[in-house]
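Visitor: One-letter residues, chain by chain:
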Amino acid sequence: MIFWEIAKRNTKIHLLRSTLAMLGIVIGVVAIATMGILGNSMVLAVSDSLRTVGDSVIVTPHAGGSSHGFGGGGGGATSLKITDQQFQQIKRASAPNVAIPVLQTSDRMEFGVGQDDIVAAIYGMNPDDVPDLLTLTAGSYSRAASGCLVGAQFADDNHLNVGSRITVGTDGDKGTLRVTGIIEERGMAFDVSTDSAIVVTKDWFDAAYNRDDYDKVVVKVKNLDDLPVVKTAIEKQMNKRDKVVDVMDTRKTMETIFQTFGQITTFVSAIGGISMIVAGVSILNIMMMSVTERIKEIGIMRSIGAQRREVMSMFIYEALILGIVGSLIGGVLSLLGGYAVSSLLLQTTKYLFVPSSLVSIVYGVSFGIVVSLVCGFYPAWRAANLNPIDALRHE
Amino acid sequence: MTSVADDQPVMSFRDVVKVYPLPAGDVTALNRVTFQVDRGEFISIMGPSGSGKSTLLNLMGCLDTPTSGDIYISGTRTGDMSDRDLTNLRRDRIGFIFQYFNLFPLLNIIENVTFPMMLKSQRAVDPERGREVLRAVSLEEPLFTHTPIELSGGQQQRVAIARALINNPDILLCDEPTGNLDSKTGAGIMDLMTELNRKGTTIIMVTHDQHIADYSHRTIRIADGRIVE
Numbered sequence: 360m361i362f363w364e365i366a367k368r369n370t371k372i373h374l375l376r377s378t379l380a381m382l383g384i385v386i387g388v389v390a391i392a393t394m395g396i397l398g399n400s401m402v403l404a405v406s407d408s409l410r411t412v413g414d415s416v417i418v419t420p421h422a423g424g425s426s427h428g429f430g431g432g433g434g435g436a437t438s439l440k441i442t443d444q445q446f447q448q449i450k451r452a453s454a455p456n457v458a459i460p461v462l463q464t465s466d467r468m469e470f471g472v473g474q475d476d477i478v479a480a481i482y483g484m485n486p487d488d489v490p491d492l493l494t495l496t497a498g499s500y501s502r503a504a505s506g507c508l509v510g511a512q513f514a515d516d517n518h519l520n521v522g523s524r525i526t527v528g529t530d531g532d533k534g535t536l537r538v539t540g541i542i543e544e545r546g547m548a549f550d551v552s553t554d555s556a557i558v559v560t561k562d563w564f565d566a567a568y569n570r571d572d573y574d575k576v577v578v579k580v581k582n583l584d585d586l587p588v589v590k591t592a593i594e595k596q597m598n599k600r601d602k603v604v605d606v607m608d609t610r611k612t613m614e615t616i617f618q619t620f621g622q623i624t625t626f627v628s629a630i631g632g633i634s635m636i637v638a639g640v641s642i643l644n645i646m647m648m649s650v651t652e653r654i655k656e657i658g659i660m661r662s663i664g665a666q667r668r669e670v671m672s673m674f675i676y677e678a679l680i681l682g683i684v685g686s687l688i689g690g691v692l693s694l695l696g697g698y699a700v701s702s703l704l705l706q707t708t709k710y711l712f713v714p715s716s717l718v719s720i721v722y723g724v725s726f727g728i729v730v731s732l733v734c735g736f737y738p739a740w741r742a743a744n745l746n747p748i749d750a751l752r753h754e
Numbered sequence: 014m015t016s017v018a019d020d021q022p023v024m025s026f027r028d029v030v031k032v033y034p035l036p037a038g039d040v041t042a043l044n045r046v047t048f049q050v051d052r053g054e055f056i057s058i059m060g061p062s063g064s065g066k067s068t069l070l071n072l073m074g075c076l077d078t079p080t081s082g083d084i085y086i087s088g089t090r091t092g093d094m095s096d097r098d099l100t101n102l103r104r105d106r107i108g109f110i111f112q113y114f115n116l117f118p119l120l121n122i123i124e125n126v127t128f129p130m131m132l133k134s135q136r137a138v139d140p141e142r143g144r145e146v147l148r149a150v151s152l153e154e155p156l157f158t159h160t161p162i163e164l165s166g167g168q169q170q171r172v173a174i175a176r177a178l179i180n181n182p183d184i185l186l187c188d189e190p191t192g193n194l195d196s197k198t199g200a201g202i203m204d205l206m207t208e209l210n211r212k213g214t215t216i217i218m219v220t221h222d223q224h225i226a227d228y229s230h231r232t233i234r235i236a237d238g239r240i241v242e
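From first to last, the protein sequence lines stand for chains A and B. For the first sequence, position 294 (counting from the first letter as 1) is numbered 653 according to my numbering, and the numbering increases by one without interruption. For the second sequence, position 38 (counting from the first letter as 1) is numbered 51 according to my numbering, and the numbering increases by one without interruption.
Looking at chain A on its own, in the form it has when it is part of the complex (with noise of 0.2 Å):
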């Protein structure tokens, strides 16, 4: 009602004071927003690259301990290999689930004549487990030794469609293979990344480079909740006496690499809530300005029988035109502080208009407004609460 109508007409008969009050609250919601965008946007796009890989559990050669492994021996990194007896434990601890083993290496590889070689990562699978892990976009899964399938990203690169021919090992002396499939892009992968290699028949494997031990296990767990259990079956199998494997859960990599990007985003939402308190200062100082200003109105009106409460109303109306006019611009603005972030920083704008990025605006527009009633309840309690005869004597 009527107190509503003077805190409006007072913010706007003040408009560049009100104006400088709103920039701040204007700076500190889009500054919230658009780093909660950021972060959010930072998180999609990683759970994008890494989607296909949340439902696995790892085993890889434990790096620190002793060989049990075909080529062990030499102590090296990368003589560290898990044997065919191993996988056999790893498979019954991890049973019903499928377990599939992966041997690895890397290659020149030729595409033709006159085109330059190029050194690219080789997977060895048994053509049976190749269906569980990988998607075809084109071509089929071959079982013929001398088939291969090829990542997207490959594919593109070199040119390479079903039919195409590659030539593997220096000179060719490792043999030519026949592109029969191109894999679905899997992005970042903790399994295999197809992206950008090609993918073998065990038998043509260990035919060319003379090996029948692996270098990991992936266990793909039908039931997402029972990754934990696999994981702690095949590490009791496996891990009796001496830490033989390291047995990783994708699942819980990945919630520890979201949450430390949730954190990240805290962090510089924080830095932006900083500016919010700053401009929540300033709204202190023009609501402690305002009530000094108008002390004497304070006093008449108190005098002719208004209210404390109703005084107070008065300036927490004030404070909160100044916050929600702000927020609101704020909550504009920050739309386009995002497409701008994550345009320069993520060359994407596709997770701007998702749910959990528009919340980041939701987010600073409230804290705005909270802000800017935390910050002008205090003049206005010292307003409500103002002696009305030495408010009538102030001058």
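To be clear, the hints were calculated from the coordinates, so they are not data collected in a lab. On a predicted model such as this, the values are computed, not experimentally measured, just so you know. Misleading hints may appear alongside valid ones.
Claimed, not checked - For lysine-lysine, the following DSBU-like pairs were computed, each having C-alpha atoms within a straight-line distance of at most 35 Å:
no.	chain 1	residue 1	chain 2	residue 2
1	A	Lys602	A	Lys581
2	B	Lys197	A	Lys655
3	A	Lys581	A	Lys599
4	A	Lys655	A	Lys367
5	A	Lys709	A	Lys581
6	A	Lys450	A	Lys611
7	A	Lys533	A	Lys579
8	A	Lys367	B	Lys133
9	A	Lys709	A	Lys611
10	A	Lys371	B	Lys133
11	A	Lys655	B	Lys133
12	A	Lys655	B	Lys212
13	A	Lys599	A	Lys579
14	A	Lys533	A	Lys450
15	A	Lys450	A	Lys595
With chain A held as given, fit chain B onto it using these hints.
Guide: Frame of chain A, contents of chain B only:
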């Protein structure tokens, strides 16, 4: 117009003492003051500076409470009332008129006049009641939507009188109502107050000016915190 019975004093002071405790020692501003104001009276209060006039005015206006003694406004004892009740008493029973008019610069004339009415009803009010009272104090209609700063001193004081009258108070308390006006405008305001009193409004007026005090029916003289006449 008033809610008080005709045979009951609108205001009465009984042995009222007001002491201000100061570091240098207590100062007795009012010492056993007793008087009463009957309905329809027009009283002026005179006295030199420091005599206790302002303290008396603050107590009459329920802006302060006595150290001892009793004050009754329209039969209600004010001594034990809460701040909230005293505020409501000021709003409903007392109309204030100040030397410097004290209108709200952010509100227009109609809003200034209806302000106490809005405090009482807690909602928007019919501006026609404000216009009615403004016409009663002889303010020209075109000025009703102006802001106070656009009005002359005399016009502002008429608005202040209209504001004081809007809730039909039992008493009008006036603090040097012509103190900030030239003599001709001041005479116009005093004629208006005389007319209001003739229609039944009880008026208590603090003044330094004997000529202004001559408009009243009775003068209470105060010196050193005591009524001397």
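Visitor: Next, verify each hint and record whether it holds.
Guide: Hint check results:
1. A:Lys602 x A:Lys581: Status holds; Cα separation ~26 Å.
2. B:Lys197 x A:Lys655: holds, 28 Å
3. A:Lys581 x A:Lys599: holds, 26 Å
4. A:Lys655 x A:Lys367: holds, 19 Å
5. A:Lys709 x A:Lys581: holds, 31 Å
6. A:Lys450 x A:Lys611: Cα-Cα ~21 Å, so holds.
7. A:Lys533 x A:Lys579: With a Cα-Cα distance of about 31 Å, the restraint between Lys533 of chain A and Lys579 of chain A holds, given a limit of 35 Å.
8. A:Lys367 x B:Lys133: holds, 21 Å
9. A:Lys709 x A:Lys611: Cα-Cα ~26 Å, so holds.
10. A:Lys371 x B:Lys133: holds, 27 Å
11. A:Lys655 x B:Lys133: holds, 21 Å
12. A:Lys655 x B:Lys212: OK: Lys655 of chain A and Lys212 of chain B at ~32 Å, within 35 Å.
13. A:Lys599 x A:Lys579: Status holds; Cα separation ~23 Å.
14. A:Lys533 x A:Lys450: Holds: Lys533 of chain A and Lys450 of chain A sit about 30 Å apart, inside 35 Å.
15. A:Lys450 x A:Lys595: holds, 13 Å
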